[in-house]
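In order, the protein sequences belong to chains H and D.
Start counting the first sequence at 1399; every next residue gets the next number (my numbering).
Start counting the second sequence at 817; every next residue gets the next number (my numbering).
Please keep in mind that the hints were generated in silico from the structure rather than gathered at the bench.
Please note that a few of the clues may not be correct.
Here are a few chain D residues that face chain H, going by a calculated C-beta distance under 7 Å [unchecked claim]:
1. Glu-993
2. Gly-999
3. Ser-1001
4. Gly-1003
5. Val-1010
6. Gln-1013
If you want the footprint, here are the derived chain H segments under chain D, 3+ residues with CB under 8 Å [stated by the list, open to error]:
7. 1510-1516
8. 1557-1568
Examples of chain D residues lying across from chain H (beta carbon under 10 Å, computed) [what the hints assert, rightly or not]:
9. Val-987
10. Pro-988
11. Ser-997
C-beta atoms are modelled at their ideal positions from N, C-alpha and C, and glycine is treated no differently.
Chain by chain, the residues run as shown.
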Amino acid sequence: MTAPTTPAAASAAPVVRVAGLHKAFGEREVLTGIDLDVRQGEVVCVIGPSGSGKSTLLRCVNLLEQPTGGTVEVLGVDVTDPDVDIDQVRTHVGMVFQQFNLFANMTVLENCTVAQRQVLKRSRSEAERIARANLERVGLADRADAHPSQLSGGQQQRVAIARALSMDPQLMLFDEPTSALDPELVGDVLAVMRDLADAGMTMIVVTHEMAFARDVGDRVVFMDGGVIVEDGPADQVIGAPREARTRTFLQRVLDPTHTDVA
Amino acid sequence: MTGSPVTPAPGTLTASRRRWSPRRRARVFRAAQYVVLLAVLVAVGLAVDWANVGENFFNAEAARQILPQLPTAFRNTLTYTLAGFAVGLSLGTVLALMRLSAVGLYRWIATVYIEFFRGIPALLVVVSFGYAVPIAFGVNIPSVTTKAALALGLVSAAYIAETLRAGIQAVPKGQVEAARSLGMSHGRTLRTVVVPQAFRIVLPPMTNEFILLTKDTSLVFLLGLAVNQYDLTKIGRDALNNATGGLTPLFLIGACYLLITLPLGQLSRYLERRTGARSRA
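Isolated chain D (complex conformation) (with noise of 0.2 Å):
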């Protein structure tokens, strides 16, 4: 385009080349966002004082003193955890097939009770599993783990039914209908067609909720724990209070949570590749 103005022909666009077009406006901004985050990150590594960092994170003195414990807390942790799941995944299917009953009954204590459990904190259930509910009920639970594993299990339950109902629904009320045309009774239809589908749907709200319920087991020290039924936060805060290396216990907590929690986003997302590439619809 010359510079000189020009009568558009019919069907012609008069529009212009402006120096700053909408295209090129956002590539400086792009650049400009690049300009900013270097010039934060420079400014935070000069300003710290990376030493004292180090001393507070890093203490290898403070890491051999928690060290030993690590490998039982662990364990518990992750045995509190699957405990907890194992409960909230069977009583979260329970209360989603009551969530879509035909009984009104069903569907309405199902709804009291996640909204109920839902819309507590998760630290007043465990409490309550550790004092008022043995008593109130005059039932005496020994076994720390399993009331962990109820405590935990019910309150993610709430959540787990949800997620399970939604991924239920979701799945294409044709399917349902071409497999019951097919003489497929409606139980039968649910294990081969709905269940299947269903699973894929719901495993990244799944794996979401076993990272919730990983870190929930942080609230069991309120059961009041023995030595060897010790969590890995418990073992944290309590070398909080000895040790000197600062920081450096609940940092080793920290990785050791995601040593657990990092490999299962991990395969959910292979799992939801896997059955991705064979059945999307």
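The shape of chain H in the complex, shown without the other chains (with noise of 0.2 Å):
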């Protein structure tokens, strides 16, 4: 494998690059030929229905699902190659998921400086204070000793997204972040996202927020059936779809009591 790429080289080679990606469960074919490019600084939003292979295709990324064909390049490796390691792979590549995942044996300060040391073997003072920085970012500096059953579902996420921003990850990887979420606690997560966008940050967002999609997003992948139908700027994609099954899944999305699809 290369050495972890810096962003300078990264500039140059897309941060991701995904190739021919298929995903079987068992006989289930739920990716079937994949191809997608992420440049640097790139915020990639997919959208589609409910069992499209959006989330399998961002787990391919971070290799949480191993994929049965194809090739996934993250920072110029190739994560599919069983002699990469991929544990040093996912130190640069951060991950929020959709039920947060907080350490539930662990304080707030403690999830987010634990793989720190034990990982990047940082000191206990520099892990806390990037830690705490990475708390003040997504405005939670004050809940640093709370334990995550005591904060609110919107907290918690705020948190794991500190949490994965501790390891200066060059990649953050969105897995419907705000779906678990009351509706009232959503914008606090959209904003802290949008921050870490403006910041530059390359991101693959899965989402049903099509209002984020299109503000924050600069692209925007549509996935139906285990395939990309529509790929292009977000303003295009969610504005003028080219794709008939792209129109049809805004429609209902955005106007979920008009039953008339086109």
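Starting from two chains that each stand alone, build the complex the way the hints lay out.
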């Protein structure tokens, strides 16, 4: 494998290059030939009906799912190569889950320091300094000593973002980060993600928040039935979709009471 | 509501107030249960010959006879329990990991082991270690404690393995995925995230295993013991043969077992409360 890529080198090659990706769970084909490049600093929002393979695609990028075919290059490293040290690649790729998945046996601060100390071998003081800076960034500096169970869903999700950022990732993956939240808590999480995008973070966001995808996304990818149906600038895909399937989906999502599908 | 029938307005319930509403019936039923319980207690209290019971269960002379043997027996029972638990926990951990292994053969071996030792009486295993195993395998295990630990540990490991496996599997998969996505290795994830959370989950059933094991040490007399190796049950049984105090020895022995097991339950509840307060997901 190659050495961890510096941002300068990464700007030449795409941060993520997915080519001919297939994924099957037993007999069930979930992804049937995905090609996707994500460049440095790009925010790519992946939308599509449930079961279309969006989350599976995201999970193939950091190898939480093992692809059954094709290649996935992350920061210039082909993660499907069995000889690649995936743990090393993952330290550069932050992931935020739908169910937050904060470590239940640790405080907020410990959640944000444990991997820094154990994996990156940072000192306690350095790890805590970085963790507190990131908690500040998501607006939760005052909850450092709380336990996850004491936080609201929105707060837990922002801690999860701070935890991922504390590893200084070069790419962030978001797997439906607001789908498990009460509606009034969604805004805070989206605001943090918007700040992150403005700061130039490379992001792949699987989401049902069409307004977010349109406003914050540079590109929107519409998936259906295990393939990418449409891939283009956010305004175009959501505002003026070319494909009939995209139009049908957007109509259903944007106006759920409208049953007369085109 | 008045007694006269009224035509209900739309949207109001016609229902009525029956003399025996369900809530009222429940209240009366509860009161009846107290009355029955009280009646049973009074009947038992009157029917029992208390002097005779005292003579049989709290005979001072019989207690004096057995008392000098109690400390050693108490210590022996504790030793057998702890040694058995050490073997059971170590082997049980290995078996639990084998049950969760990606290697099918390991899973199969562990399953066969667990089904076998869970399915036969502990008594058979202890007897085997007393007679058959030393001859069959040509090994002479000199220490009784070792023999007891192996016999009881082999059985207990089967139960402990299942408890541990269930505990590990009860930790949500998302916890593992979060740790792995931060670059933690499989082993590190187990140590830092899974095991601490599984510990709290298995604490109550593990206390159960320990208490069951404590009581199973009453079988070690089948190994053939010297006098100074007698456990609590053994001295109790022997005392029954020559004492005049009826069941007094057994009563004392039972109290000794409770002296071990009751604090354990307390400790388990304390630990559970302490870890639970901070780590409930």
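Here is how each hint holds up against the structure:
Restraint check, Glu-993(D) versus chain H: the minimum CB separation of about 6 Å is within 7 Å; hint holds. The criterion of a C-beta within 7 Å of any C-beta in chain H is met by Gly-999(D), whose closest approach is roughly 4 Å, and the hint holds. Hint status for Ser-1001(D) relative to chain H: holds, with the closest Cβ pair at about 5 Å, below 7 Å. Annotation: Gly-1003(D) was flagged as interfacial toward chain H, and the flag is violated, the nearest CB pair being 11 Å apart, outside 7 Å.
Violation of the interface hint for Val-1010(D) is found here, the shortest Cβ-Cβ separation to chain H being roughly 9 Å, above the 7 Å cut-off. Evaluation of the Gln-1013(D) hint against chain H yields a held restraint, the C-beta minimum of about 5 Å falling below 7 Å. Chain D is given as covering the stretch 1510-1516 of chain H, and this holds because 3 residues of the stretch bring a CB closer than 8 Å to a CB of that chain, at least three being needed. Chain D is given as covering the stretch 1557-1568 of chain H, and this holds because 4 residues of the stretch bring a CB closer than 8 Å to a CB of that chain, at least three being needed.
Checking Val-987(D) against chain H by beta carbon gives a least distance of about 9 Å; that is within 10 Å, so the hint holds. Interface hint at Pro-988(D): satisfied, since its Cβ lies 8 Å from the closest Cβ of chain H, which is below the 10 Å cut-off. Look at Ser-997(D): its Cβ gets to within about 4 Å of chain H, closer than 10 Å, so that hint holds up.
Of the numbered hints listed earlier, those contradicted by the structure are 4 and 5.
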